[in-house]
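Asks: Take a look at the letters that make up each chain.
Number of protein chains: 2
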Amino acid sequence: MSGTGFELLTTDGSARRGRITTAHGVVETPAFMPVGTAATVKAMTPEAVASTGAQMILGNTYHLMLRPGAKRIEALGGLHRFMNWPGPILTDSGGFQVMSLAKLRKIEEKGVTFQSHIDGSRHSLTPETSVDIQRMLDADISMVLDECVALPADAKRLAASVELSMRWAERSKTAFVSRDGYGLFGIVQGGTRPDLRARSAQGLVALGFDGYAVGGLAVGEGQQAMFETLDVTVPHLPADRPRYLMGVGRPDDLVGAVARGIDMFDCVLPTRSGRTGQAFVRRGEVNIRNARHAEDPRPLDDACACPACRDYSRAYLHHLVKAGEILGAMLMTWHNIQYYQDLMAGMRAAIDAGTFAAFQKETTSRHAMGDIDPL
Amino acid sequence: MSGTGFELLTTDGSARRGRITTAHGVVETPAFMPVGTAATVKAMTPEAVASTGAQMILGNTYHLMLRPGAKRIEALGGLHRFMNWPGPILTDSGGFQVMSLAKLRKIEEKGVTFQSHIDGSRHSLTPETSVDIQRMLDADISMVLDECVALPADAKRLAASVELSMRWAERSKTAFVSRDGYGLFGIVQGGTRPDLRARSAQGLVALGFDGYAVGGLAVGEGQQAMFETLDVTVPHLPADRPRYLMGVGRPDDLVGAVARGIDMFDCVLPTRSGRTGQAFVRRGEVNIRNARHAEDPRPLDDACACPACRDYSRAYLHHLVKAGEILGAMLMTWHNIQYYQDLMAGMRAAIDAGTFAAFQKETTSRHAMGDIDPL
Numbered sequence: 001m002s003g004t005g006f007e008l009l010t011t012d013g014s015a016r017r018g019r020i021t022t023a024h025g026v027v028e029t030p031a032f033m034p035v036g037t038a039a040t041v042k043a044m045t046p047e048a049v050a051s052t053g054a055q056m057i058l059g060n061t062y063h064l065m066l067r068p069g070a071k072r073i074e075a076l077g078g079l080h081r082f083m084n085w086p087g088p089i090l091t092d093s094g095g096f097q098v099m100s101l102a103k104l105r106k107i108e109e110k111g112v113t114f115q116s117h118i119d120g121s122r123h124s125l126t127p128e129t130s131v132d133i134q135r136m137l138d139a140d141i142s143m144v145l146d147e148c149v150a151l152p153a154d155a156k157r158l159a160a161s162v163e164l165s166m167r168w169a170e171r172s173k174t175a176f177v178s179r180d181g182y183g184l185f186g187i188v189q190g191g192t193r194p195d196l197r198a199r200s201a202q203g204l205v206a207l208g209f210d211g212y213a214v215g216g217l218a219v220g221e222g223q224q225a226m227f228e229t230l231d232v233t234v235p236h237l238p239a240d241r242p243r244y245l246m247g248v249g250r251p252d253d254l255v256g257a258v259a260r261g262i263d264m265f266d267c268v269l270p271t272r273s274g275r276t277g278q279a280f281v282r283r284g285e286v287n288i289r290n291a292r293h294a295e296d297p298r299p300l301d302d303a304c305a306c307p308a309c310r311d312y313s314r315a316y317l318h319h320l321v322k323a324g325e326i327l328g329a330m331l332m333t334w335h336n337i338q339y340y341q342d343l344m345a346g347m348r349a350a351i352d353a354g355t356f357a358a359f360q361k362e363t364t365s366r367h368a369m370g371d372i373d374p375l
Numbered sequence: 001m002s003g004t005g006f007e008l009l010t011t012d013g014s015a016r017r018g019r020i021t022t023a024h025g026v027v028e029t030p031a032f033m034p035v036g037t038a039a040t041v042k043a044m045t046p047e048a049v050a051s052t053g054a055q056m057i058l059g060n061t062y063h064l065m066l067r068p069g070a071k072r073i074e075a076l077g078g079l080h081r082f083m084n085w086p087g088p089i090l091t092d093s094g095g096f097q098v099m100s101l102a103k104l105r106k107i108e109e110k111g112v113t114f115q116s117h118i119d120g121s122r123h124s125l126t127p128e129t130s131v132d133i134q135r136m137l138d139a140d141i142s143m144v145l146d147e148c149v150a151l152p153a154d155a156k157r158l159a160a161s162v163e164l165s166m167r168w169a170e171r172s173k174t175a176f177v178s179r180d181g182y183g184l185f186g187i188v189q190g191g192t193r194p195d196l197r198a199r200s201a202q203g204l205v206a207l208g209f210d211g212y213a214v215g216g217l218a219v220g221e222g223q224q225a226m227f228e229t230l231d232v233t234v235p236h237l238p239a240d241r242p243r244y245l246m247g248v249g250r251p252d253d254l255v256g257a258v259a260r261g262i263d264m265f266d267c268v269l270p271t272r273s274g275r276t277g278q279a280f281v282r283r284g285e286v287n288i289r290n291a292r293h294a295e296d297p298r299p300l301d302d303a304c305a306c307p308a309c310r311d312y313s314r315a316y317l318h319h320l321v322k323a324g325e326i327l328g329a330m331l332m333t334w335h336n337i338q339y340y341q342d343l344m345a346g347m348r349a350a351i352d353a354g355t356f357a358a359f360q361k362e363t364t365s366r367h368a369m370g371d372i373d374p375l
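Chains as they are written, first to last, in my numbering: chain X, 1 to 375; chain L, 1 to 375.
Be careful, since some hints might not be right.
[What the hints assert, rightly or not] Below, computed lysine-lysine pairings styled on BS3-like, alpha-carbon distance capped at 27 Å:
(1) X:Lys-322 with L:Lys-71
(2) X:Lys-42 with X:Lys-322
(3) L:Lys-110 with X:Lys-322
(4) L:Lys-42 with X:Lys-322
(5) X:Lys-71 with L:Lys-322
(6) L:Lys-110 with X:Lys-42
(7) X:Lys-103 with L:Lys-103
(8) X:Lys-322 with L:Lys-103
(9) L:Lys-110 with L:Lys-42
(10) X:Lys-42 with L:Lys-103
(11) X:Lys-156 with X:Lys-103
Rather than coming from a laboratory, the hints here were simulated on the basis of the structure.
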């Protein structure tokens with residue numbers, strides 16, 4: 001095949017069970033991709049990541065182009081070999097991080113120029129160089145460069161941005177070197193405006209991509225606005241291509257988005273929260289730094305099979321996190337990634353069984369409970 | 001049996017192959033104990049520690065009594081269960097850390113009072129409370145509280161310290177609750193003075209302990225002074241008890257000490273160095289932060305079977321350490337502990353084969369080479 005493959009296995013309402021095929025393996029969907037920003041899922045070995053059931057991870061083009069550099073990674077055999085992750089990898093285009101991290105950025109028709117947040121060095125990204133960097137990284141799925149507008153933005157500004165992103169998407173597609181098992185995804189933009197989302201989706205579908213992402217919804221606009229935007233965007237996307245909601249989110253965000261036809265997710269929340277002592281568990285959320293966990297012999301989550309829950313008490317995790325021990329970050333992160341993967345596996349099983357609505361109701365009510373673990 | 005057991009299996013010159021038996025398992029000697037200061041060998045899971053061949057680890061009484069507290073660890077089932085290390089554990093008495101970390105310390109005949117370096121709270125340690133804390137931690141081997149004098153110190157000051165430590169050792173022995181598989185070790189002090197070392201060793205042997213440590217030699221007095229002190233101390237120790245050189249050291253320190261009849265070691269060097277990007281390898285030492293490793297596809301040490309060497313390039317480790325990634329600390333630490341355990345296994349095999357002198361010569365010459373890995 002040219003490009004990545006997608007097989008739609010079954011549906012349950014708008015929720016979809018699918019399978020993406022890439023050069024480095026298959027990904028069962030709905031899928032959550034742990035974020036491996038700088039060629040590592042922070043505080044985890046690749047073996048630990050794989051043990052949770054994760055099949056695909058995300059790498060960040062912005063970080064990797066700055067350090068250690070795409071050419072270096074290419075010379076060392078590509079990102080899979082460099083970081084010892086033999087499975088599928090998706091890379092973003094770098095655009096979002098340029099907007100959120102880089103300094104002195106300047107956006108023009110040609111592309112974006114910026115200053116590295118690491119050492120102040122000058123760099124540029126164009127649709128063509130972004131695609132080329134992602135090829136050097138050997139990403140199974142590459143993303144088109146798009147402009148990410150800070151919200152709120154007025155309709156005129158949003159519309160201009162959608163048009164610029166569309167021209168960039170077309171240039172990205174032209175630049176993309178077609179290879180078996182390697183795909184390029186377009187990114188639907190348009191803020192929370194249904195007309196612009198429709199325009200963006202239709203334009204991208206007319207160009208034709210291996211998959212379609214929904215961008216610009218991980219920037220604090222709230223769950224309701226996000227769901228409403230998905231409701232007016234997803235119907236414009238073809239059923240025979242995977243749909244990826246970028247940078248989202250909390251467990252109940254994922255469940256609600258799958259209910260609206262989304263297949264793929266990535267988010268730093270489980271890894272970042274793990275490093276600061278926040279755990280997602282089946283009965284809500286746990287801040288392990290809280291003093292009431294100091295003597296608690298119970299596991300974080302007694303229904304979880306991860307090592308943090310299998311071998312350690314909340315009291316021990318509390319101790320590690322309070323003492324600033326690296327093992328605390330390692331175990332809390334491991335648990336959170338396991339929790340997210342278990343959540344995805346639960347959604348896949350529910351769709352297979354035709355019971356997704358019940359799964360959604362039960363999961364959403366649990367996650368509304370917060371930190372609810374009395375001794 | 002009452003106490004820990006020790007079987008002297010064979011000797012090769014002064015080097016000894018032995019086996020310590022404890023309540024939580026056996027330890028083949030010569031042995032290196034990774035340091036698990038705050039109930040964790042920093043940046044490693046217990047499974048990773050065990051995978052290197054380490055059989056016994058060290059815990060620090062000072063750190064654990066302050067956080068999370070000995071009573072809490074006892075209530076949670078002891079240190080083995082708390083930190084998920086089912087094997088043997090040795091704890092120090094807390095004395096050395098009080099001298100090096102605590103504030104406003106005051107040493108009297110009764111014991112030592114001090115202020116916590118964490119929160120400034122007031123605490124005390126006496127020979128009796130130190131032994132009791134180590135019992136609460138469930139340490140397989142406890143150490144007597146001793147006074148660690150800052151060197152250089154004059155003969156009178158050193159002699160007074162040896163006598164105080166001797167009285168504390170006797171009180172420690174009286175306070176120690178005899179249990180099968182649990183032992184108490186005395187600690188020989190006396191700085192670099194042969195007469196005081198002899199007096200200290202003879203006095204402790206007369207009291208009778210399950211093993212004997214040589215203390216006060218990890219404080220920068222230099223390798224030659226350390227070896228000379230071992231030469232005048234070890235002959236005073238009984239052959240049928242294990243001998244433990246506290247807080248030492250570099251690989252060539254360990255080899256030279258085993259040649260002088262030492263059986264056990266602990267040191268923060270492999271773990272601490274790992275976290276700062278320094279690796280011990282068979283051809284010398286590697287500072288992975290050095291720019292010349294940035295594009296090096298070779299492993300840290302091609303004769304090492306640890307995951308850091310099996311799955312990753314120097315270029316990747318360089319990238320992780322430069323980027324401050326936790327995985328860098330994890331992999332570098334894992335390698336260093338593997339290196340130390342391989343060194344101990346090599347010494348044990350050489351003693352078994354009667355070839356220790358050749359092993360010592362070869363290892364020592366390699367370690368004198370420094371960082372010698374040209375591309």
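Asks: Run every hint past the structure and note whether it holds.
Replies: Now for the hints, and whether the structure bears them out:
1. X:Lys-322 with L:Lys-71: holds (18 Å)
2. X:Lys-42 with X:Lys-322: holds (19 Å)
3. L:Lys-110 with X:Lys-322: It is violated: about 32 Å lies between the C-alpha atoms, which goes past 27 Å.
4. L:Lys-42 with X:Lys-322: holds (14 Å)
5. X:Lys-71 with L:Lys-322: holds (18 Å)
6. L:Lys-110 with X:Lys-42: violated (48 Å)
7. X:Lys-103 with L:Lys-103: It is violated: about 44 Å lies between the C-alpha atoms, which goes past 27 Å.
8. X:Lys-322 with L:Lys-103: Holds, because 21 Å separates the two Cα atoms, which is no more than 27 Å.
9. L:Lys-110 with L:Lys-42: Answer violated: Lys-110 of chain L to Lys-42 of chain L is near 34 Å, above 27 Å.
10. X:Lys-42 with L:Lys-103: violated (36 Å)
11. X:Lys-156 with X:Lys-103: holds (25 Å)
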